[in-house]
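*Asks:* Each chain, letter by letter, is given below.
There are 4 protein chains.
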Amino acid sequence: MNIHSSLMIEVKIMDTPGKRDDIIRVALELFAENGFHGTPVAMIAKKAGVGAGTIYRYFENKDVLINELFADLERKFMVAIEDGYNPNKPIRERFIHIAATILKYSISHPLYFRYIEQYQNSPYGVSFRRDKLLGKSDDHDLLRELFNEGVAQQVLKDLPLPVLFALAFGPLIAIARDHILGFSILNDTLILKFVEACWGGIKR
Amino acid sequence: MNIHSSLMIEVKIMDTPGKRDDIIRVALELFAENGFHGTPVAMIAKKAGVGAGTIYRYFENKDVLINELFADLERKFMVAIEDGYNPNKPIRERFIHIAATILKYSISHPLYFRYIEQYQNSPYGVSFRRDKLLGKSDDHDLLRELFNEGVAQQVLKDLPLPVLFALAFGPLIAIARDHILGFSILNDTLILKFVEACWGGIKR
Amino acid sequence: MNIHSSLMIEVKIMDTPGKRDDIIRVALELFAENGFHGTPVAMIAKKAGVGAGTIYRYFENKDVLINELFADLERKFMVAIEDGYNPNKPIRERFIHIAATILKYSISHPLYFRYIEQYQNSPYGVSFRRDKLLGKSDDHDLLRELFNEGVAQQVLKDLPLPVLFALAFGPLIAIARDHILGFSILNDTLILKFVEACWGGIKR
Amino acid sequence: MNIHSSLMIEVKIMDTPGKRDDIIRVALELFAENGFHGTPVAMIAKKAGVGAGTIYRYFENKDVLINELFADLERKFMVAIEDGYNPNKPIRERFIHIAATILKYSISHPLYFRYIEQYQNSPYGVSFRRDKLLGKSDDHDLLRELFNEGVAQQVLKDLPLPVLFALAFGPLIAIARDHILGFSILNDTLILKFVEACWGGIKR
DNA sequence: CATGAATGAGACTTCATTCAT
DNA sequence: GATGAATGAAGTCTCATTCAT
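Chains as they are written, first to last, in numbering that gives the first Met the number 0: chain W, 0 to 203; chain R, 0 to 203; chain A, 0 to 203; chain G, 0 to 203.
The set of hints was computed from the structure by calculation and includes no laboratory data. One or more hints might be untrue.
Heads up, the list lumps identical chains together, so a pair's fine if it works in one copy or across two of them.
Cross-link-like lysine to any residue pairs, in silico, SDA-like; alpha carbons within 20 Å at most [what the hints assert, rightly or not]: (1) 192 <-> 60; (2) 192 <-> 159; (3) 88 <-> 70; (4) 45 <-> 59; (5) 192 <-> 150; (6) 156 <-> 52.
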């Protein structure tokens, strides 16, 4: 019985995270493709190969799933951005790194991108965004630091942070969306040019 | 009797379209605030002071209402842009006019802006956008002409049109959203500076 | 003004009965084709070229329209049957006349037939039928007389009236329906044969 | 615990199909009595003691329920007819068996009969009937064989099949309806006489 | 009288969530 | 823990009927 129990525990340890991940992965795909309201919980359950009730063991309800999934994706973006980021490099280089990473990562993970866009333009996202931007958050701290530094060193235009953000990342979001929807096609050269153009928009 | 008759005609002329407009106005407001799925038809009817069935006299179904409302808003943007637009002015000036108009109009009509954003990031909007961008449309023709001309005259960077669009309007959308959500505050000076920065992003 | 008024009155006199007939005719057609519940009042109004409200000037409500229409059709059948009916002819000849008339009339007025069938197999028809058959009615009096006479004269089988009715008219209804739905095709020879066979079913 | 387990299994086996059957049974009753349009899904659910949504687990929509119910009833009629049918007996005897069975079964299952009649005279039934009669179907094959054989052996009149069908079964349907609606009362003797009379209508 | 826009009760259906197994 | 059948609140839409014009 001891053996049996420990076995079950092991099974749980190994199996449970797998199940949660299955749900997350499938939910991401379906939400990104069909929208939040076009994706019943039962559809996620079926495609994830779990019972509908199981989803409620991992997420209190559908809204929580949607919100946690968004948090997951943000975290993934942060990891991508921080990978290879060197705070000792010049402002320009650091910006190029961040911007290029965001664009490349968005393009190579179209589901992530579409999910985030959808989320941010839904009632879910707005309140979240409000909480977030007014408070603190890691990724923005990184960016905020970079931009504050840039302004202080007179490398960047002397504009409010949100304005600089808009100038720098607005085009990025726009072109990523176009690419993902197939309205334009980016390659590495174009990406680099594009990012440099973004830099042009904020540098003094 | 003449007077009475003409009065009756006036009442008809003023009243019937009034009902359709009430619905449109209320629907815009509620959709922009609560999202498409957060706004039951019954809620629109109640707030518009009409019976639920009445909405279906003017719009075949909820989706049609959503789509027509979007078309309405696009038309309004177009009207705003075309007002004061002079095709004989230099490229730069024309661009500044368009960009400033879009930004000002978005800011002074936050419901319009939020509705459009929401629409374009929903299953409704994606297919529509696809049809639209690949085909022809008045507003884009205007912009397309302007940008093509700019590229030909070597006033603008030699980049694909969608890339120029992204560089020029991506920041605009971003800052408008921020302003509307209260994350940053724009004034006329800032708007002008901002628009000039956008120009900086695309001019050669 | 006198002239004007009398004109209007004339118009009314000529127009009003026409309007009622239009409604009746269109309602018959639509009900027969789409069923009672597949035919909104508004559809009848539109096809009849009248306002929806007008129908309610001639018929208290939809149910009344349906019932009156049925009564109309029954009357028409009676007229057809009585035309050429000679109570002095032998039983057999009289029956042949009636049966052949019913069959021919049904076939040449498929809408009438389908309406009646539909009516009799709906909640409308059942209660009506109950009222009717238990009471008296012209057409059945004619038939009842004929059949009673036939039984009394020992020309017909000695069976209860409803049984004789079923034997005599059951096949008629069945073949008429088949013909109208296109499952079998009758010509005058076949009709005569058929009616004779029906006679064979009840004659002693 | 063994006993308990087996009990639980039994409950499942007995209960789940029980729910579908409850729905079918109640739906039959209500449709037969009130008509298809006089019977909201909610009414069926309530009387069957299930939630409204449950009906949609078993039947895609109301129409499917209506159609499947009809198919069910047809199957039941076929089973009744085939029970005791002996293809080696003479034509006459076989016909008498079939006709008597149909009549008796109709009379003892008035709800089945009324449901079928209603169905066949509704938009549901007409298209179905068309598909059916023009194609092949078990019960009609049985009858078709019998009648073809009868015609070939010169036992039956030399008439098209639909005509023979009408002569043979038209009276049956008519008298069954009368009986069920209480307009005439059949007993076993009368049934036999009646069926023999039907035979008289088709035999040479 | 005629009209048809307006109404709202009520029908069908979906789906987030629960809970017995 | 896992399951998925069951639930019923809530949403979309239709249509018989009314009534101001």
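*Asks:* Each hint needs a verdict: does it hold in this structure or not?
*Replies:* Taking the hints in turn, this is what the structure says about them:
no.: 1; hint: 192 <-> 60; in the structure: neither (44 Å within a copy, 46 Å between copies)
no.: 2; hint: 192 <-> 159; in the structure: between (25 Å within a copy, 12 Å between copies)
no.: 3; hint: 88 <-> 70; in the structure: neither (29 Å within a copy, 48 Å between copies)
no.: 4; hint: 45 <-> 59; in the structure: both (18 Å within a copy, 18 Å between copies)
no.: 5; hint: 192 <-> 150; in the structure: between (23 Å within a copy, 16 Å between copies)
no.: 6; hint: 156 <-> 52; in the structure: neither (53 Å within a copy, 56 Å between copies)
Consistency note: the structure conflicts with the earlier hints numbered 1, 3 and 6.
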